[in-house]
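K.L.:
So in this note's numbering, the last one in the sequence shown is 1039, and the numbering has no gaps at all.
Calculated from the structure, these hints are not laboratory results.
Where is the CB? At the ideal position from N, CA and C, for every residue including glycine.
Hints are not guaranteed to be accurate.
Cross-link-like lysine-lysine pairs, in silico, PhoX-like; alpha carbons within 20 Å at most [to be verified]:
#: 1; residue 1: Lys326; residue 2: Lys364
#: 2; residue 1: Lys442; residue 2: Lys599
#: 3; residue 1: Lys512; residue 2: Lys534
#: 4; residue 1: Lys298; residue 2: Lys326
#: 5; residue 1: Lys303; residue 2: Lys326
#: 6; residue 1: Lys399; residue 2: Lys364
#: 7; residue 1: Lys741; residue 2: Lys764
#: 8; residue 1: Lys342; residue 2: Lys303
For each label pair, taking beta carbons as the anchor points, the in silico distance ranges come out as [what the hints assert, rightly or not]:
#: 9; residue 1: Glu728; residue 2: Ala935; range: 22 to 30 Å
#: 10; residue 1: Pro544; residue 2: Glu669; range: 44 to 52 Å
#: 11; residue 1: Ala279; residue 2: Glu384; range: 28 to 36 Å
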Amino acid sequence: MPCSVSSRAVATVLAAAASLFAPGRSLAGTDTALPAAGGTPATDVTVDLASAEIRGYGGRWPIPIDRAKLPAEKDVTVEAIDVGLGKHVVHVRVPLKDDPAGVAWEAVLGPGKPQPIFAGLTGRTAGDPGERTGKAVKIVRAGSASFVLVGDIREELTICGEAETLIDPKAVYPEDLTLRPATVQRLDEARQANAERITATDAGLDAPVPLAKLLVARGSSVPGSLGSELTDGDPRTTWTERRPGVGQGEFVVMAAPRDVPIARMRVVVAPNGPPLARGAAPKTFYLVTSTQSFQVTLPDGAWLKPGESYEVAFPRPIDASCVAVVLDSAESRDLPHPDVGLTELVAYSEFDAPGATLDDVARALGGERKIAAAQVLERAGDAALAAVERAYDGLDVRGRALAIDVAASHERCEDAAPLLAKALCERDGEAPRKAHEKLERCAGAAQVLASRLRDDPASRACVAPTLAALSPESALEPIADAIGATPEGDAATRAALREAFSLALEGNPDGKLPALLSDARRSPIARLEILRAAKDRATQAPTESDATVAALLAGAPTLRVRYLVLAPLETLARAGDRSASARIVDAITHDEAWPVRARAAEAGTGLADAAMALVSAAQDPEPRVREAALQALSASSSPSPGGIDVAASTLGKDGWPFVRAQAVAVLAKAPASGSIDDALARALHDGSVGVRGAAVVGLARHRAGAHKGEIRALLDQVDEDVDVRAAAAQALGALCDFGSADRLTDLARTLAEPSAGEEQQAVAVGALVALAALQPNDLKSRLAPLLAPSSPAHVRAAAAQALAARSTCR
């Protein structure tokens, strides 16, 4: 085989090859015999797996595979190959055992060679998934002689539809049985034979520009070239094969949008500029997808027409995500080593009709070809964004989501930001989510979002959170402005703006809030909203916060203002701001509106300055104020004497059960005494379920054993509320009432009865908790029915937990 395989005879042999690799012709087994031929003696080549070596041609070569990875003998192939001129070589393949990637150790041995012509691991042996690389040995069958090829393989660079394609192939030359570079057709012979024939027609110099760039080169068989010269849109750059001969088999692989049918292509052969001195045009080349192949014939003399384009019309549109150009025959122009190549390859979709525009494609986002339209627009550059913006309002929900995909694919996200911001506020479909996902990664969109926040009131609630997350440092001012510009009646928008402001504030230094609160351009109402949004961070600006509150409460503030200002006042007061505490006390004591007094009582919880005011508020004419005041007093671990007195008085005479319940809560926190326990015991007969239950809990907390008889009575009163009875059962355990152990046992065993209703089970659980506190010596036998295998699993678990509990009565 000559160094260049460009002769007609060799090309014919290669074109007739059955395949690049034909395992059906391999010989399974571990040895082969070669007769004497071509001046070489007869020999045997044997693979000895036991010693992990090959013997033959008078030499021995180790097989460098871990013993655990050696295969069975039936999986080994040893094959004698006639490479021409009466010469034979032996191809040995030893696959690694159970290797999912199909890695093998292969060797090519020849007579008179002290070392293998080739030996090493083959398959994708290096790199990460998707980018793995390695070596491969291919046997091209051509009649009585064959070609042995060795080359690199790259997972990401294969002719479309092929598992692997040789890169930079070398062939075993029969003259000296050495590996040297060779030019070979890499396209499978069957795909060559089945290729549909197309004759390209001259389309002149002014071929129409497609609506979108559908082909993008992603790899080439030529070292150092991705093949981008073929798809860069520049008629002055040319991809050439740079191989000996005419470069048959050299290829470029291109990505294409799968869902966009390609109706035709245009190829420019010669560059529109200074010609390449050694340049030449293909006579024929293949266009290959994963499932189809076409052999294209160019008119004669194409290299002599710089910038001329030739149209390739397919018999039917092709759908493919991968398109490859594979060189075949060429017009060598009598050059010994021509550089065969192509300048441009352009694809046209079905949208590329005469007079069609990107606006037509954008409107198609709402039609049957919406997916294809989106993929065209994603590849159409800057003009596509403007077309999508014009079409957006007329699209359906699905079409708008696809329009946002197009916008999100735009090279400069800040240019797409206006449409993305608009989509944030869509009520239906996937457009809002997709827009948000893109915007949160687009720092350049902050200015667009800020402008929309100020200028478009309807979009404030949906734009503000995205701006706050994207750029906290630039979000505070526009969100504060938007808060001030939003009417008080638009509560939902104001709430969304406050949450967004709070989020943005977390990403800013402490000094930002004082400046915003002291900005006199903002109304006191706007500053109140900022204070509410600041939450606990209001303490970072105490002076400005106090000034804001003073401005709000000056004159005759509305009930709404007086009510809302209590939240920031509470925050400031808990941080030690005595002025804020004084304002809360004043609201508890003097505000004319009971909702404000009640909210102020809540804000006074735990404030020493508010203790006396809360005692007074517990006697307020409005029941909700009394409830809030007593609730605030009960929050103390040790209520004041004044609070205890007012709670006892309230429990005995207040007409509202929810107020009496809070009075019980205060007394339950008070130190135990006979008079307090007597008051709680009287509450066991209150007309309110809530009051009776709270009284039971209070007596249990005080360990008021003197009243366990009354609690037993509540437990046994079958028409009593189930929650009160359950609380009574637990209270008897807290009171260490061992005299009730049998009764509690009977109730607890109800848990094991399949017929027990929810109310019975609730009381039974209370009884089980009481037994766990009592821990009588025979508790295990008392709980035996609950621990039995026939009991439900959750019952057995509860009983086991009760049995393991520590007694509170010993």
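K.L.:
A separate judgement is required for each hint: does it hold in the structure or not?
P.N.:
Hints, one by one, checked against the model:
For the given pair, Lys326 sits about 18 Å from Lys364 by alpha-carbon distance, which is consistent with the 20 Å threshold. Proposed proximity of Lys442 and Lys599 is supported: the alpha carbons are some 18 Å apart, at most 20 Å. Using a Cα cut-off of 20 Å, the hinted pair Lys512 and Lys534 holds, with the two alpha carbons roughly 14 Å apart. Restraint check for Lys298 and Lys326: the C-alpha separation of about 5 Å stays at or below 20 Å, so the hint holds.
For the hint linking Lys303 to Lys326, the alpha-carbon distance of about 12 Å falls within 20 Å, and the restraint holds. This hinted pair checks out: Lys399 and Lys364 have alpha carbons roughly 11 Å apart, not beyond 20 Å. Taken as a hint, the Lys741 and Lys764 pair is honoured in the structure, with Cα atoms around 14 Å apart against an allowance of 20 Å. The hinted pair formed by Lys342 and Lys303 fails the criterion: a straight-line CA distance of about 27 Å is larger than 20 Å.
Remark: the range hint 22 to 30 Å for Glu728 to Ala935 is contradicted by a beta-carbon distance near 53 Å. Restraint check, Pro544 to Glu669: a C-beta distance of roughly 47 Å satisfies the suggested window 44 to 52 Å. A beta carbon spacing of about 35 Å between Ala279 and Glu384 agrees with the range 28 to 36 Å that was offered as a hint.
Checked against the numbered hints above, the structure breaks hints 8 and 9 and satisfies the rest.
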